[in-house]
Structures are given as structure tokens and as C-alpha cells.
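Asks: Quick mapping for you: the protein sequence lines, in order, are chains A and B.
Per the working numbering, residue 567 is the first one in the first sequence, and the count goes up by one each step.
Per the working numbering, residue 281 is the first one in the second sequence, and the count goes up by one each step.
Any given hint could be a false lead.
When the alpha-carbon atoms are kept at most 20 Å apart in a straight line, the in silico EDC-like pairs for lysine to aspartate or glutamate are as follows [to be verified]:
(1) A:685 <-> A:663
(2) B:519 <-> A:835
(3) A:860 <-> A:889
(4) B:529 <-> A:933
(5) A:888 <-> B:428
(6) A:931 <-> B:524
(7) A:880 <-> B:530
(8) A:833 <-> B:428
(9) A:931 <-> B:471
(10) B:519 <-> A:832
(11) A:931 <-> B:452
(12) A:880 <-> B:429
(13) A:931 <-> B:606
(14) A:833 <-> B:606
Chain A residues, not near chain B, derived (Cβ > 12 Å throughout) [said to hold, decoys possible]:
(15) 685
(16) 766
(17) 778
(18) 787
(19) 818
(20) 881
Think of the hints as simulated: they come from the structure by calculation, not from any bench.
Backbone N, C-alpha and C define an ideal beta-carbon position, used for all residues, glycine too.
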Amino acid sequence: METELPIRKIIHVDMDAFYASVEQLDDPSLVGKAIAVGGGGTRGVVSAASYEARKFGVRSAMSGALAKKLCPELIFVRTNFERYREISAKIRKIFFEYTDLVEPLSLDEAYLDVTENKKGNPSATLIATEIRQKIKERTGLNASAGISINKFIAKVASDINKPNGQKTVPPEEVLDFLEQLDIKKFYGVGKVMKEKMYRHGIYTGADLKKKSFEYLQENFGKSGSYYYNIVRGIHNSTVKPERTRKSLAAERTFSENISSEIFMLEKLENIAEEVAKRLKKSKVAGRTITLKIKYRDFTLQTRSKTLPLYIASKELILDNVKDLLLQDEMKDSVRLLGISMSNLNNEKGKKKEEIPEKTIDVQLKLEF
Amino acid sequence: MKFIVSSSYLLKQLQVLGGIINNNNTLPILDNFLFDLDGNSLTVSASDLETTVSSTLDVESNESGSVCIPARLLLDTLKTFPEQPLTFTVEENSTVEISSNHGKYALAYAPGEEFPSAVELKDPSETKVQGDILATAISKTIFASGNDDLRPVMSGVFFQFSTEGLTFVATDAHKLVKYSREDVSASQTAEFIMPKKPLTLLKNILAGSEEEVTIEYNDSNAKFSFDNTTMICRLIDGKYPNYEAVIPKENPNKLSIDRNQFLNSVRRVSIFSNKTTHQIRLKIAGAELNISAEDIDYSNKAEERLTCDYQGDDMQIGFNSRFLTEMLNNLTSDDVSLEMSLPNRAGILTPVDGLDEGERVTMLVMPVMLNN
Chain A
567 METELPIRKI IHVDMDAFYA SVEQLDDPSL VGKAIAVGGG GTRGVVSAAS YEARKFGVRS
627 AMSGALAKKL CPELIFVRTN FERYREISAK IRKIFFEYTD LVEPLSLDEA YLDVTENKKG
687 NPSATLIATE IRQKIKERTG LNASAGISIN KFIAKVASDI NKPNGQKTVP PEEVLDFLEQ
747 LDIKKFYGVG KVMKEKMYRH GIYTGADLKK KSFEYLQENF GKSGSYYYNI VRGIHNSTVK
807 PERTRKSLAA ERTFSENISS EIFMLEKLEN IAEEVAKRLK KSKVAGRTIT LKIKYRDFTL
867 QTRSKTLPLY IASKELILDN VKDLLLQDEM KDSVRLLGIS MSNLNNEKGK KKEEIPEKTI
927 DVQLKLEF
Chain B
281 MKFIVSSSYL LKQLQVLGGI INNNNTLPIL DNFLFDLDGN SLTVSASDLE TTVSSTLDVE
341 SNESGSVCIP ARLLLDTLKT FPEQPLTFTV EENSTVEISS NHGKYALAYA PGEEFPSAVE
401 LKDPSETKVQ GDILATAISK TIFASGNDDL RPVMSGVFFQ FSTEGLTFVA TDAHKLVKYS
461 REDVSASQTA EFIMPKKPLT LLKNILAGSE EEVTIEYNDS NAKFSFDNTT MICRLIDGKY
521 PNYEAVIPKE NPNKLSIDRN QFLNSVRRVS IFSNKTTHQI RLKIAGAELN ISAEDIDYSN
581 KAEERLTCDY QGDDMQIGFN SRFLTEMLNN LTSDDVSLEM SLPNRAGILT PVDGLDEGER
641 VTMLVMPVML NN
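This is chain B alone, in the form it adopts within the complex (with noise of 0.2 Å):
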């Protein structure tokens, strides 16, 4: 087996599969990439188990085979190279050997066959998005997924497709983002829940791509296609947690704001916030909304006056500083608008500009109860 690759366009595919590898696996085979070579077609594999993610690059070779080689080693050694043709070589004493311009380097391989093959999807369903839209989506819902074990459906993003548009929801109890699209749709209804691991892949893979990504899915698993590469992963099992019911329908109290503004005074505020439990205090009367923390045990204290737009009851609601920070820095609209009821009942944010035709952000963020 024998074949010849460009080293920077080999790196580029290897780096993203990468991400995949886990740094300490119990299987030591998954330490490997999987090249697998058929004539002038080369597909590299990763898996973690959970997870397979696979390139298929175009090489010169007439031969074929399948050998596993070690990830980070040749990781390492491609990283040092400035873009030549690279010429792999499968030797008979189970190593391959890769020449360079500069000279020789031997690997050791493990036969392709102990490379654990990934699952294949059994009578999937299908949809196509935009990868742009997809990668969005992602960045939009999974910093508000959670991280408890115990809820591990939880800790992974909802996909929730019909006929009428895609709804992607994260929460972790605390904060919840549901972002849907209305200008894309599933021939179906489907819902599943995808682990955080993948979908950080996908999203770095997929920012501002034009691409277009077939997504399959049944039950267990669900299979991403794009460009030269395809992902399969496995689902998290179990039943998300109905999202609809705690998002507040009366909200009378409602708050418009410059984003920026708004982010930028919670930030400094948050520093003078109690260090465990980063709470700020909102306090809106008129037009005015008044930012404060403080952290009794060291004396520190902060307040900020901002002017916004309020039509409500004068209110005072206290939220963790952090989730704030998150939520309105992960917006990109001039404006944001809040959204209240009572100061135990969940805040909606929502920007007020800047989002497509048919998408639509909705950000919930439970308050902190304030004992005065």
C-alpha cells in the first residue's frame, strides 16, 4: 500500500478530525487514525466510540488497504513541514513509512481491520440545512447546555425538526436558549438530542459554509454529510424535559436596551459581585435601570445607572452576573429586549434586531431570590 499526499492539505483534514480523539482512551487503538485507501481515494477516520468522523481525501495510488496510524505522532511530524507531496508507504515489517523532501520518518501501524467500525444507520430520516445555519444554530443553543451526570440528557442540544421549521434548544436549568428557523424544514417530525462533543466540531467545521449538510437520523443515531466528510454519532438517550412549560407566557414588565451598553455594565458591576454566587441586582423604575452587586464580606460594591426603554411596574430582580455575561454576549443586535414578570419568575432576552428572515432567538435566565 502506497500513496502520495499533499502534507498541508492532509494536515487540514487530520487537525479536524483530531478533535475527535480523546487524550486518554482506554482503547488504544483509538489513538489511531484509520487511513483506508481505495485507488486515488483515501478516507481517514477518528472515533471515540460515540463518535466517527470520517474525510475522504483525493491522493495519487493505485494501490489499496487499510492501516491504523498513530495520531498524535503524525500529527506532530505534518505540523513541521512546509506544503510538499508526501509519499506514504505500508513496509512489510508493520511500519509505514512516510518520505519527505527532508528524509524518512517510520511509524508503526496496527492493521486497519482493529479499528472499531463505525455504526451504520438503520432506515434513517433525512434533512438538509445550510452548514452557516447549522454551525449558528449550534453556537446559539450549546453554551446553555449543562453539565450535571445526572441529567445527562441535558447536557446535550435538542434538535427538534418539523414540517413547519428545525427548533434547536439547550438548557441547564438554570438558563435556557430555544433558536428556531422558519425558513428551513424537515419532511418530518423528528427530535433528538445531540451530545456537546460532536456539535463542537461540527461548529467549528461549519462556521460560514455555504455547504450544503445532509443530516440522517433514526432513533440511536444520526449521521452528518458534508463536502468530503461524514459524522456519526450516537444520541443521547432519554426524554427532553418539556421546555415549552417554563417559558413564561404573561410577561407584563418589559425591558429595551442597548446590548452593548447593557454587557458592558454588567461586566464591571460583576467584579464587585460576590465571588461564589456573582449575583447582580437589577432595579428599574422609569426609564432608569439600575445595576448593583455587592460582596459583604470584603466591603465591595458597585452601581451603575443605564437608561433604557421600561414599560412595566417599577421592579427588582437579581440574576447570576455570569449567565447575563453569557447570554447577551453570545447576541450580536444593537438591542436586546428583557422581558419580566415577577422576581422569582424566569427573564426572557431577546434581540430586538439583526436576525434573518424566520429565525428567532429566546433566551430564558432564571433570577436569583434576593433576601433584602
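Next up, chain A with everything else stripped away, as it sits in the complex (with noise of 0.2 Å):
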């Protein structure tokens, strides 16, 4: 049986090494060198790695030590999320000469639905080679590009010709590519579902596609359906600009493990105060706070609580996680710890009229 696909014409544009690259450009010194942007410091984590990088292993989110063991030379350089976010939006500016259906998915990737677009160009490969002639003009970097039927090849195809290239899956091959496709290359599919789909017997695609249904079910659970249709070419999603965020977070992880729950108080007043920033910044409260624990082997604890109202406050989101610190004992000390929101009130009129907002009289506080 052969399923009829929805055709809409996709882009998925993705920076080659982004930060990196963005710093070799602003550093001449640095071009064609090993560099590392974060994972300076003796615990810090590797945000990204040039081509020349990753040819010793490195990675992003890497810790530095590894990643110095793997390539002495590497130089660290400091994370500026100012001059990417910079360049991200020149970049973004080029999307919009195309189509408004721009989906960012992070400061490096976005899907673009160019179906209809405004300069009228029927060829989807034509126009991810000219967003990626643009950018290299206008920001001197690389990018790579995948075009597709949906959003899921498309991410898939960026990754193929990567760096500096671009693939094109059209509708006719679609099914043919999936069939081939390695099953650790699917969206969706890290380190532990690769291992639990090999122990199915699912190393392809096209082992993935012999699968029926009620299998897929049965062994995956929710996930399964999505893979069913996946294999099918189905994907559904479509590019949404300006998604709606759903939770909002920050973490911290320390220099030094910590077991006191005074100084573990101290840090999350920094944290938190960088959770109100954020919640301001996107203008938004949440009614759900979640505290996030790693301990010192790496085990990860979440604890979490919903308030009858939404708070944004520092204060608040302070009083509320404190209550969730000393909800109980820590079971070792601890390297990492995180606060996020959710369940924010962005979702426009949908969860208004469920849960009536209670009305509190709240006291104010002189701001400092």
C-alpha cells in the first residue's frame, strides 16, 4: 500500500560549526586551528568544536579535559552569545526574504516552508542554494542545507553533504532514502533508543518499515507511532514560526561539588534570578517550577511543584525552590543544579478557561 505524502516543500538550514566558525571569523589567528568555544576551566562543557576540531573526536558537550585529551592543541575560546545571536539574525533576515514561515530551532538551524514563497522560485533546491550563497556573502560563513517533503528529512538531509553542502530528497525518493537510511541517523533517535532498536532487530529504515504497527506499539510506546509514520515519509509538523516556549530554565554547575544546603541556597539565588530575567525578557509566568539535581555519579533528581498562580518573581520562584530543597534530604553532594519553569501562560485562551486563576492577594516588595 502506498501512502499518499503531503508535499510541501522544506528547508532545513544548519551553520557549519557554528560558534566556532563565528569565532575564526571574528579571529583570523584562528582559521584552520582546533578550537573549542566553551570547556575552558576545569569542569567546562564544550558548546562547539571546528571542522578541524572534530577531526580528533571533539565534540560539543564534550568536557574540556576530554576534549584536550583527544587534541592537545585545542584552543578554548569564550562563549559571546551577543555576536552570535548578532549574526543569527542577519542570517534569519535572509530567511525572511524568502518566506515568513521561518522556524528557528536554535541561534544555527531553522526550518524554512518555502511551498510558496515570495520570490515566486519553484525549485526549494535553488533556493537553499541561494539562502546559502547569501549568508556566506553577507556573513562569510558556511551552512549546510537539507530540502525535503517535511521537516524530518530535511533535518536529515542537512546532514549529509555537511559541511558547506546540501541534499535534496525529493518527494519520488523519499521513500527509497528512509529505507536506507540508518536507523541512529533518525531524528529523535540518541544513544539509548539506537541500543533498544538494534535489540529489535531495527538497524535500517527498511527494517524499521517491516515493523507493523501494533509491534511499534507495543515496544515503544507513544515514540512508536511516530516512528510508523516517519518510515512512511508522514510527518505532519508543520513550521511554526515563533514557537511557543514551554518551559523556560537555567542550571548551574559548580566548580566544586557542594553537599551544604546553604551554599546549595546561595547558588540557586543566582539561578533564579536568572530564571526571572529570562521570564521577563519573554514576558511570560509559570505556574509549574521544577528543581533539577545532578549528584556527584551523575544521577539525575527532578523535583517539581504547581502553584495555584503564575509567579515570575525572583522571590518567588526562590521561596518555591527552597521549599523543594528541603523537601528532602540530598542523597550525595552535588554538581549541578537547575530551575525551570513550565506551564507558562503563553498558551494563548487554551488553558484559561481549565484552571481558573486564583485570585491571591500578593505583598509586594520594595525592588532592589
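Make one complex out of these two single chains by using the hints.
Replies: Have a look at this one:
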């Protein structure tokens, strides 16, 4: 049975080693060198690595210490998000010359729906080439692109000819492309899922396709139907300009593990301040507050509670997170603490009827 | 080492010093008074490591030496004596023997060297203030200071000295008191944050005292000397919040009212307020102030009307009645003025009368946001 595919023209644009490339652009002495953005200090984590560094096996999210071991010549550069944001805005401006349907995933990645575009260009492949050219001209950076009928395939495709390349998967090739695709390349399949898939004898898209809907649901739960559809080229998620935030968080890894709750409270104060700042910036408030605790042995624990009203101020966040911290004893010394706010009041209209906001009189504070 | 001293004279001094001793000390030596004898002069000290207080007493002796004597035991004993001379003798067997008209009492002592010595202030600045003024400044402000361990600077009182005058500020972010004296000044500008505990002690000792207090201070410590007493304490480290920035400048709505009447109404009405928020509502229109409270959980409700002098727009504003009561209670004037702008901005409470020349009190209280 052939499924009729909803045909959209989606481009996934992904900057090549974005942070590292920006740094190399700003400091020509770094060109051609193995550099890592972030990851300095004893416990830093690499945010991005240049292609030169990647040859040595340096990857993002790797600890700085390990990266240095893999690549002794590695140069650590401090992150400069202001600058990345500036360049990211420039790139987004280029996207908007083609379509308003732009869904940014992060500073260096976005989906574009160019089914109908401002240039009237019927070829998404040519648009992608143009966009990459313009990015190179205006920022001096390389981008890769994937072009296909849905977000999922576009995303997978952008990785294929990376760096500085693009890959189109036209509608007629979609099913073959997916069948040949290594299972670990499927978006959403990480280390754990890969192992699980392997245990079920699924190594490629074709293997996945052979499994029945019931089988997948039984073994993979909710995501079973996602995998069932995706391998048949069905992924109906539209490009959503302006994604509404679902949650907002901040966290800190400490330079030394801490075991005293007093010190933790001190750290949480800074984190709460950051969260409050971000909430303020996004003009939202949240009702569910979650405390994330990573212990010395990297085990993760979260504690959360939902409040009767939306909060956004540092004091209220801190009060509630204090309760969460003290509600139970710490199992071990702690290497990371984080606060996340979810259940945000930006979901227009949807939540309003469900839970009438309880009115509580709030004692105001002097703003020092 | 041996000296003779009057029992009530000694008790009076020790009771003051005892205020600084913690109930449960991690360092057992701090449970003692340090007796340091030098001929006719006996210096007794108590410390909690943060603060050390010493008093010098005249005694009858021609010896010298120093010992640490258990504070609790000594105080309990002294309290029971009628006025009489007591003889303290340090015996060879590590005990101090006190002989009274009634009998003999032996207390174990520790050598004086074990007592932690107070810090010496390096290159201090100096200001002199009359004891009574200092005591007033403390009692006007200290109640407004906070208890939040996370913001230690706000747990103390901020001393701001300049050539124009002295200013004392305390706040817990809900309320704020600024007490200033223009009739006293310092030779140079200085700012430091004093912890609450030594201030409470100073307030009690100095209330009503005409004695001049010498305040010496540097970046980390302050020393208060008066009479025969000195107090050296560690300052709270950190930067005090910029309180001037939160005092609203434009307050078009001004209420003047009899302080006692206002206080009594607030007290009565607040009995009916919610037990956790203590919230009361002020409705002001024309020359009438309507104070009301409601505890919806129990259907309790109260409302009072007062005549007042009011200039401004009709308005409604909510306050925590506890804050208002504390502040009104702390003032001594006949009339007070409450200046407001909006229901979500701070109200400014000031006394209308009863102040000394050059004395100023400004109290700020943040409202409770009312959800109608």
C-alpha cells in the first residue's frame, strides 16, 4: 500500500560549526586551527568545536578536559552569545526574504517552508543554494541545507553533505531514502533508543518499516506511532513561525561539588535571578516549578510542584525552590542545580478555561 | 589572684555583658566571662566571636592575672545575694573561690589565655554621638531589618555617616525605615552595616544615657566605647541596597491622621483579617478613611471609619496590618502622615510632630496587591 504524501517544500538550514566559525571569522589567527568554544576551566563543557577539532573527535557537550586529551593543540575560546545572536539575526533576515514561515530551532538552525515563497521560485533546491550563497556573502560563514517534503527528512538531509553542502530528497525518492537510512540517523534516535532499536533487529529504515504498527506501539510506546509514520514519509508537523515556549530554565554546574544546603541556596538564588530575568524578557510567568539536581555520580533527580498562580519574580521562585530543596534530604553531594519553569501563561486561551486563575493577594516588595 | 567587689555592682555589669553570650556555643570557652585583673581595675569580657563586650570595674586588689569563669553559674549565684562585698580568690586547684557573708562557693575556671581576644581596629575613623541619640536611632530602625539569611546585608542596620549628618537605615524589602540626624555629624563620610545582636545590646544599655559614645570603625569592624564599656564587633560584609532609589518621590495622595486612633483601628480591624496575610484595606475618599478586613475562610469581617485630613484622589490600598502596627507603634508623634501614589507603590509614613531639631524619620511600607 502506498501512502499519499503531503507534499511541502521544506528546507532545513544548519550552520556549519556555527559558534566556532564565528570565532574564526572574528579572529583570523584561529582559522585552520582546532578550537573549542566553551569548555575552558576545570569543568567546562565544549559548546561547539571547529571542523579541525572534530577530526580529533572533539564534540560539543564533551568535557573540556576530555577534549584537551583528545586534541592537545585545542584552543579554548570563551562563548560570546551576543555576537552569535547578532549573526543569527542577520541570517534570519535572509530567510525572511524568501518566506515568513521560518521556525528557528536555535541560533544556528531553522526550518523554512518555501512551498509558497516570496520569490515565486518553484525550486526549493535553488532557493537553498541561493540562501547559502547569501549567508556566505553577508556573514562569511558556511551553511548546509537539507531539502525535502517534511521537516524530518529535511533535517536528516542537511547532515548528509555537511559541511558547506546541501542535499535534496525529492518526493519520489523519499521512501527509498528512508529505507536506506541508518536507524541512528533518524531524528529522535539517540544513544539509548539506538540500542533499543538494535535489540529489536532494527538497523535501517527498511527494518523499521517491516515492523507492524502494533509491534512498534507495544515496544516503543507512544513514540511507536511516530516511528511507524516517519519511515513512511509521514511527518505532518508544520513549520511554526514563533514557537511558543513550553518551558524556561537555567542551571549551573559548580566548580566543586557541594553538599551543604546553605551553599545550594546561595547558588539557587543566582539561578532564580537568571530564570526571573529570562521570564521577564519573554514576558511570561509559570505555574510549575522544577528543581533539577545532578549528583556527584551524575544521577539526575527532579522535584517539581505546581502552584495556584503564575509566578515570575525571583523571590517567589526562590521561595518555592527553597521548599523543593528542603523537602527531602540530598542523597549525595551535588554537581549541578537547575530551575525550570513550565506551564507558562503564553498558551493563548487554551489553559484559561481549564483552571480559573485563583486570586491571591500578593505582598509587594521594594525592588532593590 | 584575689579581689574584693560589691555583689550588686558586679551583677549589674555582668548582666549587660551576658546578653552577648550564646545559649549553645560551639566553643565552650565562650560560655565564660573573662576576668582580667590589673590592680584596682578589673576588666570583664564576654564574646560570641562576632562581638566582644568588655566593662572595667573598680575593685579592691593589688594583684593581677586573668581567668575565665563560667557565666551561667556565676550569674545565677550573684542574683541571689543581697548587696554585700564578695571576695574572689583564685586557688591553686583550678577553682575560684567566692566568699560571701553566707559562705563559700567554688567554681572551676579556665586560664585567661584560652579566651579569644578581640580584634584590634586598624586605622579607624572616629565619630562621637550622644548615647541617647544612638539608642533612639537603633530602636527606630532595628525592627524593620530582615531575617533572610540569603540577604545578610538586610539583616543589619545601615550606618551612613557624613559631614552633613548621620543616617540609619533598615529594611526587609517589605518595609523600610530611614532615620537621620542633621544635628550630629561625622568628620568624614563612612558607611557600614551593623549586625542586629550588638545593636540590641547597645540599645538597652544606652537608652536615656547622656554619656557620649565614641564610635570607631574601619572596613571590617566597629568599636563603641562609653563609660567603662567597650564593644567591638564584626560588620556585615556586603553592599547595602540602594534604598534611596525605592523611596517614591511623587506622592500626590496625602493622608494626615491621629496616630493613636489610626493604630487602634488597625489593631482592632486586623483581628478579623486573614491569619496568614494579615491584610487590611484602606479606602480613602474625601475626609473619610475606611479600614476594613475580611477573612473569607471563616466569614469574619470588620470595618471602621475614621475622619482624616486627606488631599488627593479617592483610592484603595491594601497593607499587611502587622507592618502598619509595628511602624505606628514605633512612632511617638500625635499625628502621622501617610503619603501614597498608587495602590502598588510604597506608602510613606512620617511623624507630623514631636521631632527634635534636625531629626527625621521616614518609614516606607509596601502594599499588598488587592485582587478585587
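Asks: Can you give the numbers of the hints that this structure goes against, from lowest to highest?
Replies: 7, 9, 14, 20
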